[in-house]
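Starting from the two chains in their separate frames, assemble the complex, guided by the hints.
Residue strings, one per chain:
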Amino acid sequence: MALFTPSDVTLSEEYRMIEYPLLSRTAIEQEGLELETKQRLIPAPSVDTGSGFFLRDRPLQLKGYPVKIEFTEFPFNIPWLPPNVFQLLNKLKKGSITETELVRLMELVAKRASDHFQLTEGKFVAMTFHGQIIEVSDTRVGLLKKIQSRKYQEQIFVWRIGSNAFSGRI
Amino acid sequence: MSKNRPEIKTQDARCGVNLNYVIFPIDIRELRHALAKNGYELSRVEGIPPPPARISFAGKIARKGETTVVVESDSGGIGVVGRSLQEVNVSFNELAKVIDSELGISLYENVRFYWCTVHYKVATGKKPRNEIAKVNNKDYIDQFSQILGEELSSFSVRLAPKDASPNRESWFDIAIEPDVTNDKFYHLGAVFRSPDRNKTETFVRDLENTLLKLIKIIEA
Chain A
722 MALFTPSDVT
732 LSEEYRMIEY
742 PLLSRTAIEQ
752 EGLELETKQR
762 LIPAPSVDTG
772 SGFFLRDRPL
782 QLKGYPVKIE
792 FTEFPFNIPW
802 LPPNVFQLLN
812 KLKKGSITET
822 ELVRLMELVA
832 KRASDHFQLT
842 EGKFVAMTFH
852 GQIIEVSDTR
862 VGLLKKIQSR
872 KYQEQIFVWR
882 IGSNAFSGRI
Chain B
427 MSKNRPEIKT
437 QDARCGVNLN
447 YVIFPIDIRE
457 LRHALAKNGY
467 ELSRVEGIPP
477 PPARISFAGK
487 IARKGETTVV
497 VESDSGGIGV
507 VGRSLQEVNV
517 SFNELAKVID
527 SELGISLYEN
537 VRFYWCTVHY
547 KVATGKKPRN
557 EIAKVNNKDY
567 IDQFSQILGE
577 ELSSFSVRLA
587 PKDASPNRES
597 WFDIAIEPDV
607 TNDKFYHLGA
617 VFRSPDRNKT
627 ETFVRDLENT
637 LLKLIKIIEA
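Protein chains in written order, with this note's numbering: chain A, 722 to 891; chain B, 427 to 646.
Chain B with its partners taken away, still in its complex shape (with noise of 0.2 Å):
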């Protein structure tokens, strides 16, 4: 790791849609043929009953590249899991463009929301468990100190939009803290929900560097 540059490794990146149907708009099996049709290795599964039953369905359903397809049709939501968030967007993208092609369906109308979660590993080269400590409120710490009988800190930093609620369509959260298993790494956990493409797509765009911004705030 270089003295100046952050090292951030992402966990895990998904990134997807929640439709705004009624029925979920795509049936199983013109899926998994159209998926088939232009590369993607399906999961293997038994009993999917012949048309024109309708099945829900959910999980991993296909893979491309180092890209999964998800899917769970009973809330609507389709999307993709894979090691980062770029890769991830690219890939729902072309996701987005077979279904349009093979099936009519487009992801991106008729949206309740698009969402995207990310887990990162991010190593400053600081102690995260002292430098979160920095944000401590003093007064409220104090006050829960002498409550606990103990001297405490802040253990980790939370955002969110003011008077945003976490059930509804809007709505990001952003938490920073130390990496339980590695004391050397912070742990970044970011959710993203819009129903506005281009809003998700510049957080998207941007998330990386905004972490590392905000790491930078707390270690000035």
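If we strip away everything but chain A, and leave its shape as in the complex, we get (with noise of 0.2 Å):
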């Protein structure tokens, strides 16, 4: 049985033998405890299926850690974005990126925001670097009413969308 039993190590509580009260048991009540006891004392490497950490038939809790992982949603608010957006932002955050750089990253941004949220062509999208939508409107107008008298904690930026022309930048 594939085992490896680091110092930190512990049997989680509910698998440690309990001590049973002292109260009277029933003659079945006895016999299950002494057949649990005896398996406990079997190997039963048939039983290590790669769930958790085991020792014989007992998963082994290992401090400070799940006996599971599991993984959760992902923001619906901010889409995938592919590697080479990441190197465009670091430039960006760094301010050494050039003009056709800032294009091109707004370009992708608003390439994968239009496919994430399922935007629909022609509409005017204020949206983060990060490709989080802030507003929308059918005119670009519109769309600057709507933003101009707020604050951003990030840059933002307007794009028409399926097109590939920049509309302007905050």
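Warning: the hint list may mix true and false statements.
[As the list claims (entries may be wrong)] Here are the simulated lysine-lysine pairs, DSS-like style, with alpha carbons at most 30 Å apart:
hint, chain 1, residue 1, chain 2, residue 2
1, A, Lys814, B, Lys463
2, B, Lys490, A, Lys832
3, A, Lys815, B, Lys463
4, B, Lys463, B, Lys490
5, A, Lys814, B, Lys588
6, A, Lys789, B, Lys486
7, B, Lys639, B, Lys588
8, B, Lys553, B, Lys463
9, A, Lys867, A, Lys832
10, A, Lys832, B, Lys486
11, A, Lys812, A, Lys872
12, B, Lys435, B, Lys552
13, A, Lys789, B, Lys463
14, B, Lys564, B, Lys642
15, A, Lys789, B, Lys523
16, A, Lys814, A, Lys867
17, A, Lys812, B, Lys490
18, B, Lys435, A, Lys832
19, A, Lys812, B, Lys463
20, B, Lys463, B, Lys552
21, B, Lys523, A, Lys832
22, B, Lys642, B, Lys588
23, B, Lys435, A, Lys844
24, A, Lys815, A, Lys832
25, B, Lys490, A, Lys789
26, B, Lys610, A, Lys844
27, B, Lys588, A, Lys844
28, B, Lys642, B, Lys547
29, A, Lys844, B, Lys490
30, A, Lys832, B, Lys547
31, B, Lys588, A, Lys815
32, B, Lys463, A, Lys832
[Said to hold, decoys possible] Chain B regions said to be covered by chain A (calculated; three or more residues, Cβ under 8 Å):
hint, stretch
33, 456–469
34, 475–484
35, 518–530
Derived from the structure by calculation, the hints contain no laboratory data.
Where is the CB? At the ideal position from N, CA and C, for every residue including glycine.
Spelled out as structure tokens, the structure:
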């Protein structure tokens, strides 16, 4: 059986032998307890199915680690971005981005946001450089009116969905 | 929507494979590394123990484009979820390529079964509630109506291979019913499982047309 026991491994509480209270037991209860005790003494490599971390037929709990890793949802308000976008975002952060690269960055982010949110072609959209949508409008003027008096923690830019033209940056 | 061509929207599509190993052959740390290296965004997670401790894992582990990689290591399952069956099929093949080249594990070998599930909304211009009722088995519906003291009609059509068991590797199940939130739409759900890769790919490729043909028969 594949087994590795680092020093910080302890048996989880629920699998430790439990001292049963000294109450009278029925014969069936007694039999069940004896059977369970016997089973614990039998090495059972067949149960080492890779789920968790096992010692004989009992799972071990690594101190400070869960028994199973459960992954959760991705934030829906930010689309997946390709690695080259992150390279350009780094340049933007450092202030070393060229005008051509900046337009390319906006183009890539707008395309990803458009796919992710299934935006309608022709709409004017204000978004962050991570693709989060701030506002949407049918016209450029309408959009600018919506966003002009607001303050944003991140830089935003305006893009017309479906076009390849840069519409503005705030 | 055109008068002749039904409007079909995919609500959710997923496909993948359940591997036939005693111990899930993919290590979570190696998988995450391989995916990150190939442009996937990883799901945030804490508490992954250091090697060589093995640990079960499940859920949405990474995403790329509009598809998300899902894993359930206890049952040996790995696949992708997305917005169309074609998209997830392409994405699954890409995932298989990454896992093969980076980890040396083929998702096409030692397979218990391939699987795909998909949910569509379809509008044909007709009222699904009325159309589905046409598929009534009159004898049974009359008897059911008598028992319930109410005039009844069928609410769904559910198709599965004759004599097959839903708890086996080879199975499919197609449900055609009115969409409960919008009576102009059908809800079509399909589940498919097979140990045969070619059979699965053919099913995926033809599914939308097959479902539209079924609706056409219902509405004839």
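Hint by hint, here is what the structure shows:
The suggested pairing of Lys814 (chain A) with Lys463 (chain B) holds, with an alpha-carbon distance near 23 Å, which does not exceed 30 Å. A C-alpha spacing of about 14 Å is found between Lys490 (chain B) and Lys832 (chain A), which places the hinted pair at or below 30 Å, so the restraint holds. A distance of roughly 24 Å separates the Cα atoms of Lys815 (chain A) and Lys463 (chain B); the hinted pair therefore holds under the 30 Å criterion. Between Lys463 (chain B) and Lys490 (chain B) the CA atoms are separated by roughly 12 Å; this keeps the pair inside 30 Å, and the hint holds.
Proposed proximity of Lys814 (chain A) and Lys588 (chain B) is contradicted: the alpha carbons are some 62 Å apart, above 30 Å. Restraint check for Lys789 (chain A) and Lys486 (chain B): the C-alpha separation of about 14 Å stays at or below 30 Å, so the hint holds. With a CA separation close to 20 Å, the supplied pair Lys639 (chain B) and Lys588 (chain B) stays within the 30 Å bound. Between Lys553 (chain B) and Lys463 (chain B) the CA atoms are separated by roughly 49 Å; this puts the pair beyond 30 Å, and the hint is violated.
Restraint check: the Cα-Cα separation between Lys867 (chain A) and Lys832 (chain A) comes to about 22 Å, which is no more than 30 Å; the hinted pair holds. Proximity of Lys832 (chain A) to Lys486 (chain B) is assessed by CA-CA distance (about 24 Å); at most 30 Å being required, the pair is judged to hold. Restraint check for Lys812 (chain A) and Lys872 (chain A): the C-alpha separation of about 23 Å stays at or below 30 Å, so the hint holds. The suggested pairing of Lys435 (chain B) with Lys552 (chain B) holds, with an alpha-carbon distance near 16 Å, which does not exceed 30 Å.
The hinted pair formed by Lys789 (chain A) and Lys463 (chain B) meets the criterion: a straight-line CA distance of about 24 Å does not exceed 30 Å. Between Lys564 (chain B) and Lys642 (chain B), the direct Cα distance comes to roughly 21 Å. Compliance with the 30 Å bound is thereby established for this hinted pair. For the given pair, Lys789 (chain A) sits about 26 Å from Lys523 (chain B) by alpha-carbon distance, which is consistent with the 30 Å threshold. A hinted pair counts as satisfied when its Cα atoms are at most 30 Å apart, and Lys814 (chain A) with Lys867 (chain A) qualifies at roughly 26 Å.
The hinted pair formed by Lys812 (chain A) and Lys490 (chain B) meets the criterion: a straight-line CA distance of about 22 Å does not exceed 30 Å. Between Lys435 (chain B) and Lys832 (chain A) the alpha-carbon distance is near 21 Å, which keeps this suggested pair within the 30 Å criterion. Restraint check for Lys812 (chain A) and Lys463 (chain B): the C-alpha separation of about 20 Å stays at or below 30 Å, so the hint holds. For the given pair, Lys463 (chain B) sits about 49 Å from Lys552 (chain B) by alpha-carbon distance, which is inconsistent with the 30 Å threshold.
Simply put, Lys523 (chain B) and Lys832 (chain A) have alpha-carbon atoms about 26 Å apart, close enough for the 30 Å limit, and the pair holds. Taking the CA atoms of Lys642 (chain B) and Lys588 (chain B), the gap is near 22 Å; set against the 30 Å cutoff, the hint holds. A C-alpha spacing of about 22 Å is found between Lys435 (chain B) and Lys844 (chain A), which places the hinted pair at or below 30 Å, so the restraint holds. Restraint check for Lys815 (chain A) and Lys832 (chain A): the C-alpha separation of about 23 Å stays at or below 30 Å, so the hint holds.
Taken as a hint, the Lys490 (chain B) and Lys789 (chain A) pair is honoured in the structure, with Cα atoms around 24 Å apart against an allowance of 30 Å. Only pairs whose Cα atoms come within 30 Å are accepted, and Lys610 (chain B) paired with Lys844 (chain A) is accepted, the gap being roughly 27 Å. Between Lys588 (chain B) and Lys844 (chain A), the direct Cα distance comes to roughly 50 Å. Violation of the 30 Å bound is thereby established for this hinted pair. Distance hint between Lys642 (chain B) and Lys547 (chain B) is fulfilled; the C-alpha atoms sit about 15 Å from each other, no more than 30 Å.
For the suggested pair Lys844 (chain A) and Lys490 (chain B), the alpha carbons sit about 25 Å apart, so the restraint of at most 30 Å is met. Between Lys832 (chain A) and Lys547 (chain B) the alpha-carbon distance is near 26 Å, which keeps this suggested pair within the 30 Å criterion. A distance of roughly 64 Å separates the Cα atoms of Lys588 (chain B) and Lys815 (chain A); the hinted pair therefore is violated under the 30 Å criterion. The straight-line distance between the Cα atoms of Lys463 (chain B) and Lys832 (chain A) is roughly 22 Å, inside the 30 Å bound, and the hint therefore holds.
Residues of the stretch 456–469 of chain B lying with their CB closer than 8 Å to a CB of chain A number 3, which satisfies the three-residue condition for coverage. For the stretch 475–484 of chain B, the proposed coverage by chain A is satisfied: 8 residues have a C-beta within less than 8 Å of a C-beta in that chain, meeting the threshold of three. Beta-carbon proximity to chain A at under 8 Å applies to 0 residues in the stretch 518–530 of chain B; the threshold of 3 is not reached and the given coverage is violated.
In this structure, the earlier hints numbered 5, 8, 20, 27, 31, 35 are contradicted, and the remaining ones agree with it.
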